[in-house]
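J.: Fit chain B to the supplied structure of chain A, relying on the hints for placement.
This is what each chain is made of:
There are 2 protein chains.
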Amino acid sequence: MNAEIINIGNELLLGDTLNTNAQYLSQKLTELAIQVNYHTTVSDDEEKLLQLLNISQQRSDIIILTGGLGPTPDDLTKETLTKFLNKKLILHHPTLNKIKKYFQKIKFQMPSVNKKQAYFPENSIILENQNGTAPGCIIEEQNRIFVVLPGPPRELIPMFENVINFLKKKIKGPRLYVRQLKCLGLGESAIAEKIKKFLNLTNPYIATYAKQDCILIKIMYRSESEKKALPAINSFKKKIKKILGNIVFTDDDKNIEDVVAELLISKNETIAIAESCTGGLVTSKLVNYPGISKVLVEAVVVYSNISKIRRLGVKEKTIIKHGAVSKQTAKEMALGIKNTASADIGISITGIAGPAGGSKTKPVGLVYFGLAIQNKVFTYKYIFNGNRQTIRQRAALTILNILRLHLLEAN
Amino acid sequence: MNAEIINIGNELLLGDTLNTNAQYLSQKLTELAIQVNYHTTVSDDEEKLLQLLNISQQRSDIIILTGGLGPTPDDLTKETLTKFLNKKLILHHPTLNKIKKYFQKIKFQMPSVNKKQAYFPENSIILENQNGTAPGCIIEEQNRIFVVLPGPPRELIPMFENVINFLKKKIKGPRLYVRQLKCLGLGESAIAEKIKKFLNLTNPYIATYAKQDCILIKIMYRSESEKKALPAINSFKKKIKKILGNIVFTDDDKNIEDVVAELLISKNETIAIAESCTGGLVTSKLVNYPGISKVLVEAVVVYSNISKIRRLGVKEKTIIKHGAVSKQTAKEMALGIKNTASADIGISITGIAGPAGGSKTKPVGLVYFGLAIQNKVFTYKYIFNGNRQTIRQRAALTILNILRLHLLEAN
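The listed protein sequences correspond, in order, to chains A and B. Following the numbering used here from start to finish, the first sequence increments by one per residue and tops out at 1004. Following the numbering used here from start to finish, the second sequence increments by one per residue and tops out at 1004.
Here chain A stands alone, though its shape is the one from the complex (with noise of 0.2 Å):
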């Protein structure tokens, strides 16, 4: 089967909204093995939409519509897929109900406009709204699965729930299931050279992903039971991690931040931060995750060479002789750390973000990082390519990685 995505509003077209639902969309049509073929932006216009039903009549089995269910004038999905079907529109009462209650419970009379919502094309199957005003409906008509959803995600994701569910049951032949497995340690090419026999497979497919928190692997297996298909994946992901080793930190969907506070705080590691040039991004990754709180002692922003000293005890001989972006100074600042918080662990990072400040022996991009752990420091040298935003972020996932890496063998 194959569907096509029609998203409908004038603030796409615009520029004003990144149209997220799409991807979101694709992705989970892909995980049902239904090809998609098209994207398509229109604006709220009877006349261009007609047009574009037309041409998508002809070309997909499933037709998905997002937005223009809202209660004024201008909002005109349904109506114009009622009109292009040659069906009615008809009044369903459960919904208006529904409808009127929801203004009950916010102390407001329902304005007239929001009846309209209430509204569908003869034979839909409906789709309640959990999180907003506008249900959305399936009509089944001539071989074509119509789809209307509303266009805000947190409205749009939980509904696409149940067409999932509806899908499922219509779809014919093959799945495609859908794992992964994140990696951070060395760069995308470099991954895909040592995975490169597994990279030519057509079931499964595999593919390799540079994003920005990590590189992406996907194991895309087509089957026609999930009993097939994972043991499948399975012994991929075994596979890969067996030749990628501890370069995988997940094969869910958890970020490095999570996969190190979960490691600290099942080995009970208390854990103390001393940040230069990433500014708190290491600790305001960590704090993501909650209940950090029984393994994080504290954190500090050292970025003036005063404040290294004084809040950390790094020797001023030392940046004088050595500088802020050092080997020694990163050294003495995880051991600082370490010990004026009584941690268990202490890391650091100091180094150059740019724009400025980068010289010939120093470059913009390096960036030294400083572990304490048990009695032992260690130090990393690592230079960035990127932005100042982007060398920031990549240092960061950088001391995380290196931390994971480090609690791992302590094992």
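No lab work stands behind these hints: they were computed from the structure. No experiment lies behind these values; they were computed from the predicted model shown. We treat Cβ as the ideally placed atom computed from N, Cα and C, and that holds for glycine. Heads up, some of the hints might be wrong.
Unchecked claim - Selected chain A positions facing chain B (Cβ under 8 Å, derived; list incomplete):
| # | residue |
| --- | --- |
| 1 | G608 |
| 2 | L611 |
| 3 | N612 |
| 4 | E639 |
| 5 | S952 |
| 6 | T954 |
| 7 | P956 |
Stated by the list, open to error - Take a look, some chain A residues computed to stay more than 10 Å from chain B by CB distance:
| # | residue |
| --- | --- |
| 8 | N600 |
| 9 | D609 |
| 10 | K621 |
| 11 | Y631 |
| 12 | L682 |
| 13 | H686 |
| 14 | Q702 |
| 15 | F759 |
| 16 | D806 |
| 17 | S818 |
| 18 | N827 |
| 19 | K831 |
| 20 | G872 |
| 21 | K908 |
| 22 | T911 |
| 23 | Q921 |
T.: What follows is chain B alone, placed relative to chain A:
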């Protein structure tokens, strides 16, 4: 004039890549008063692209194609467009030399496949690529303008600057001039209420948008010339600013952290920050600003009670009596960081970001802020809606805005 955007790439239809190019190009075309009527995403498939070009040519003056300019055989955008236009592909020697030089620089021999990237439809205007090996091109044919651009945004965006200059010469009739104001301190509906008399106009067309880091007010003015447009826009800017006052933090493209950093630097006021629930997010935002090192002395993330006591001198009895999330603790944190860092200003944030840790009297979302400046300490209490990440983000924006208002007052 009207336009449509065609994005070519399987990775978009699989949902692996978010299509940000369509939004970027739409914004830029809208500013040129070119109406964007369609975005279409299609796979790297000659037949489908030919069909689509046939439809597009009938409905649009300008057709912008992105993606499919790589060196591999499945990259076929230029080839398909050439076929569609009944033209020939011609080798462009200066481009070939540039690609060769690019490979010399990184000390690789040019792979033979890359020669493909130096071919263009005859009579093309070639668009140099400063950030990759795939140049773009412009072709004028039968009163239509075709623009071919590479897919990666960091290559497409700089290249499109030249397309803008080209299009400016082609545009007849009025253009759309867009300027903006960014606000913090009031919600979107409250701002819309205050300026509602401006929201029904057609020229300028003024609209509000709730963005992640501000409420954006866009002023869009259709005019024959910049000379006429800018005074009109500026007069509306003035009127809106007069109504909203300090709620407007910039009429530029700056973020709140840029505005705060510039105020601190221009007033030569040093700052130190004590974060609890925001976990380094406030500091990390400020460190986005290059040059912040002039005024940012240090920051601490005092996530544990012991750290609040030891690092900042918060009294143990204050925490026992009022709790770590309280006005009193926020006050002592702000004073403590100001004094221990010897900074001119100390700010503090302590709150409950959730999902756990809330109670009836202290719900998730409760955040106290402290601001110690000169010999005064101010405290603020807010309750934010949303999940852990949203609460932390809103808290960070709020304290930066509070700081901005204090710095303005001190004038």
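J.: If we take the beta carbon of A:Q702, is the closest beta carbon in chain B still more than 10 Å away?
T.: holds, 18 Å
J.: Measuring from the C-beta of A:L611 to each C-beta in chain B, is the shortest one below 8 Å?
T.: holds, 5 Å
J.: Over 10 Å to the closest beta carbon of chain B is the bar; see if A:Q921 clears it.
T.: holds, 20 Å
J.: Taking the closest pair, is the beta carbon of A:Y631 still more than 10 Å from chain B?
T.: For A:Y631, whose nearest Cβ neighbour in chain B is about 6 Å away, the distance does not exceed 10 Å, so it is violated.
J.: Does the nearest C-beta of chain B fall within a distance shorter than 8 Å of the C-beta of A:P956?
T.: Interface hint status for A:P956: violated (16 Å vs cutoff 8 Å).
J.: Evaluate the condition: distance from the CB of A:K831 to the nearest CB of chain B exceeds 10 Å.
T.: Nearest chain B Cβ is 24 Å from A:K831, so the label holds.
J.: Holds or violated: is there a CB of chain B closer than 8 Å to the CB of A:G608?
T.: holds, 3 Å
J.: Far enough from chain B: is every CB of that chain over 10 Å from the CB of A:F759?
T.: Per Cβ check, A:F759 is outside 10 Å of chain B; nearest 19 Å; holds.
J.: Answer holds if the nearest beta-carbon of chain B is closer than 8 Å to that of A:T954; otherwise answer violated.
T.: violated, 20 Å
J.: Can we confirm that no CB of chain B comes within 10 Å of the CB of A:K908?
T.: holds, 17 Å
J.: A:E639 was flagged as interface toward chain B. Is the shortest Cβ-Cβ separation under 8 Å?
T.: Cβ of A:E639 sits 14 Å from chain B, so the hint is violated.
J.: Checking the smallest CB distance to chain B, is A:N827 really beyond 10 Å?
T.: Since the minimum Cβ distance to chain B is about 22 Å, A:N827 lies beyond 10 Å and the statement holds.
In summary, the structure is inconsistent with hints 4, 5, 6, 7, 8, 9, 10, 11, 20 from the numbered list given earlier, while agreeing with the others.
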